[in-house]
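Residue numbers (the numbering used here), protein chains in the order written: chain A, 13 to 284; chain B, 13 to 284; chain C, 13 to 284.
Where hints are given, some of them may not hold.
Identical chains blur together in the list; that is why a pair holds if it fits in one copy or across any two.
As the list claims (entries may be wrong) - For lysine to any residue, the following SDA-like pairs were computed, each having C-alpha atoms within a straight-line distance of at most 25 Å:
1) Lys192 with Thr174
2) Lys109 with Ile94
3) Lys15 with Arg205
4) Lys15 with Glu93
5) Lys109 with Ala86
6) Lys109 with Glu282
Just so you know, the hints here were simulated from the structure itself, not pulled from any lab data. Computed from a prediction, not measured in an experiment: that's the story for all the values here.
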Amino acid sequence: MRKQLETVRESHPLIQNITNYVTVNDCANILLACGASPIMSDYVGEAEEIAAICAGLNINMGTLNPDTVATMLAAGRKCNEIGHPVVLDPVGVGASKWRTDSARLLLNEIQFSVIRGNISEIKTLAMGSGTTKGVDADEADAVTEENLDEVIALAKALAESTGSVIAISGATDIVADTEKAYVIRNGHAMMSRVTGTGCMLSAMTAAYVAANQATPLEAAAAATIAMGLCGEIAYERMTEQDGNSSYRNYLIDAIYRLDGETLEGGANYEIR
Amino acid sequence: MRKQLETVRESHPLIQNITNYVTVNDCANILLACGASPIMSDYVGEAEEIAAICAGLNINMGTLNPDTVATMLAAGRKCNEIGHPVVLDPVGVGASKWRTDSARLLLNEIQFSVIRGNISEIKTLAMGSGTTKGVDADEADAVTEENLDEVIALAKALAESTGSVIAISGATDIVADTEKAYVIRNGHAMMSRVTGTGCMLSAMTAAYVAANQATPLEAAAAATIAMGLCGEIAYERMTEQDGNSSYRNYLIDAIYRLDGETLEGGANYEIR
Amino acid sequence: MRKQLETVRESHPLIQNITNYVTVNDCANILLACGASPIMSDYVGEAEEIAAICAGLNINMGTLNPDTVATMLAAGRKCNEIGHPVVLDPVGVGASKWRTDSARLLLNEIQFSVIRGNISEIKTLAMGSGTTKGVDADEADAVTEENLDEVIALAKALAESTGSVIAISGATDIVADTEKAYVIRNGHAMMSRVTGTGCMLSAMTAAYVAANQATPLEAAAAATIAMGLCGEIAYERMTEQDGNSSYRNYLIDAIYRLDGETLEGGANYEIR
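Sequences and hints are given; from them, build the entire structure.
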């Protein structure tokens with residue numbers, strides 16, 4: 013874990029983001045907080061050139077439209093061609109036919125290093141179903157101790173069929189490749205009361221994977237643990253007057269302050 | 013008032029927002045703060061499906077363009093068809109011919125539950141005139157004790173002609189249907205020094221009306237009082253070093269912390 | 013310096029911004045913080061009417077696309093016609109051929125009062141080269157005591173060929189017209205860890221120049237000094253738990269609190 017974090021801070025990877033306009037500012041600031049640098053251009057006419065000067069690409073489907081899909085395809089193919097890692101955040105997949113079709117198109121055309129979403133989004137990708145309602149996971153899909161083995165199997169199967177590391181975020185996070193799953197119990201419920209914690213994690217995952225290309229599973233797990241641990245640290249900082257807006261600031265601040273030692277000391281996970 | 017707030021916290025309405033990219037993040041966070049959930053997609057190709065899974069729609073004309081107008085029309089018509097409430101925030105109407113024409117088109121094609129704007133925007137809608145200069149109300153239009161009766165009459169007349177609750181925000185807020193007007197004296201001048209307090213109120217109004225469909229007037233009034241009261245609470249929290257950026261955080265934090273008892277205790281309004 | 017700041021606070025200039033969606037909220041809030049008002053519309057169909065009701069225009073190339081280029085051209089030409097100042101922030105110029113071509117198009121078609129960028133962006137405009145990598149200046153381009161005279165000469169030459177005041181932001185800032193250069197040593201390295209400090213400065217520069225049309229060089233220098241000084245004030249306010257997100261709030265807060273006396277007392281510059 014420690015090594016993955018420190019490599020980001022040392023190499024300052026430049027990360028291309030084709031993302032939504034809701035949380036784009038938070039994504040830029042979390043990338044700066046973790047030691048990376050952001051570029052947010054979303055015009056297809058420069059997507060390949062931008063891909064070439066960056067170290068990795070973060071594709072986020074939040075406020076998707078046909079123009080941004082074209083940009084995602086151009087940048088993603090270029091990254092595949094030159095060997096740069098690409099992360100997919102399939103925000104809200106399942107909420108509309110067009111959104112689901114667009115996710116399939118992206119999966120068919122681009123080889124992703126990591127796919128990160130909530131359980132409803134990942135189930136939709138894996139099984140063509142799921143109960144996505146907007147941007148939050150549906151309660152019916154929640155990962156529990158009872159269905160944990162089943163969800164791990166689903167993640168490993170999707171890792172197999174896509175060739176990607178699968179990161180499922182929730183109260184319990186699962187980050188898996190075909191053989192190994194990190195079951196991560198860091199995090200805090202307060203994270204779901206702020207818009208963009210998932211988007212920020214995807215952006216940061218792109219930075220971690222870009223800086224640690226040989227170990228994408230460990231890099232994605234380290235990013236997930238870092239975000240969850242900082243969610244805990246941010247919560248401890250809250251006063252009686254603070255709400256979700258101050259919490260958002262504290263969360264990004266905590267990522268800014270996080271060092272490898274704190275990450276290793278606070279990491280709460282098992283491997284299955 | 014108390015009931016309206018608590019219903020939002022209990023039912024967690026999912027609110028579709030077709031809004032501007034300036035304040036979209038604040039709108040998402042204020043919806044989370046008040047107990048609702050946000051969706052911000054603005055692509056016409058999924059607008060009707062998103063409308064169907066949400067409980068209400070917030071249409072904000074801030075950074076309007078022909079694409080978003082098309083999305084607003086599709087989502088608004090769908091909501092009318094299935095009985096979901098729709099809120100209109102006619103940001104900057106009167107600032108350009110095209111913006112005024114677009115507002116008329118929306119009013120002709122969609123039945124709104126609530127129309128919320130500043131006095132210049134509402135006058136433009138009501139009288140085809142007004143002195144909108146950008147996103148702030150013009151001083152010449154300001155609501156004073158002297159012209160209060162006149163403004164209430166204007167609000168009730170616009171409520172009559174549109175079939176909507178009319179919410180006018182300013183130093184004194186007026187929320188009226190055809191027969192009854194809430195004259196609200198909560199709020200703080202500091203709110204005008206932050207971008208998006210009006211946009212946030214419109215988003216929150218959509219949540220309140222969606223969760224309280226039988227009482228749109230009371231729901232809109234409760235949202236306006238909640239925002240004004242939290243503007244006061246946020247101001248009290250300011251230190252000598254704080255400015256408008258910290259104030260924005262405190263405002264959203266205060267909405268996050270607000271309970272029904274505080275709302276009723278702090279509400280400052282009369283009915284006319 | 014003092015006069016320039018106070019004129020903004022007294023005249024409340026309304027500033028049109030055609031800008032990127034990453035930092036648009038921060039730009040709106042910094043304009044409110046310094047005493048101006050923001051409009052962020054980016055649709056070409058109303059660009060000229062909006063230009064006519066504003067006092068100045070800020071063009072920021074951050075998340076540029078062909079639609080926003082059209083809006084920039086329409087608004088910029090209108091401002092030239094009616095004598096309103098226009099500021100250009102050539103974000104990321106040099107990062108793609110299309111971006112560089114777009115910057116040239118804007119420079120050919122619009123007379124800018126001020127061009128503000130980092131050293132890599134300004135070098136790209138001046139020399140057709142430079143080593144722009146995304147949104148940050150390249151280290152190879154950094155302004156040092158050794159190359160300071162050379163950079164001042166470059167700024168004055170670009171001022172000559174464009175007829176604009178040239179503002180170069182970095183550890184040392186240079187603000188120059190053809191004859192005179194302010195070499196400014198305010199600021200803090202922490203400013204580069206927040207997204208949008210450059211964008212915010214460009215927006216504020218538009219407000220300062222709009223309110224001080226007779227003295228664009230002094231206005232641009234005052235805006236740069238104000239931002240740098242507030243970067244120092246914001247840093248002093250940081251606690252052991254604060255990171256770049258709280259720092260962003262403190263920076264905008266400091267601009268909100270800044271008065272003419274503090275600006276003159278804290279200004280750290282020489283004229284060459």
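Now the hints, each set against the structure:
1. Proximity of Lys192 and Thr174 under a CA criterion of 25 Å is satisfied intra-copy only: 15 Å inside one chain copy versus 60 Å between copies.
2. In this assembly of identical chains, the alpha carbons of Lys109 and Ile94 lie at most 25 Å apart only when taken from different copies (19 Å versus 32 Å within one copy).
3. Proximity of Lys15 and Arg205 under a CA criterion of 25 Å is satisfied inter-copy only: 22 Å between copies versus 31 Å inside one chain copy.
4. For a Cα distance limit of 25 Å, the shortest separation of Lys15 from Glu93 qualifies neither inside one copy, at 27 Å, nor across copies, at 56 Å.
5. Proximity of Lys109 and Ala86 under a CA criterion of 25 Å is satisfied in both settings, with 22 Å inside one chain copy and 16 Å between copies.
6. In this homomeric assembly, Lys109 and Glu282 never come within 25 Å of each other (Cα to Cα): the closest approach is 37 Å inside a single copy and 48 Å across copies.
In the structure shown, a violation is registered for the earlier hints numbered 4 and 6, in ascending order.
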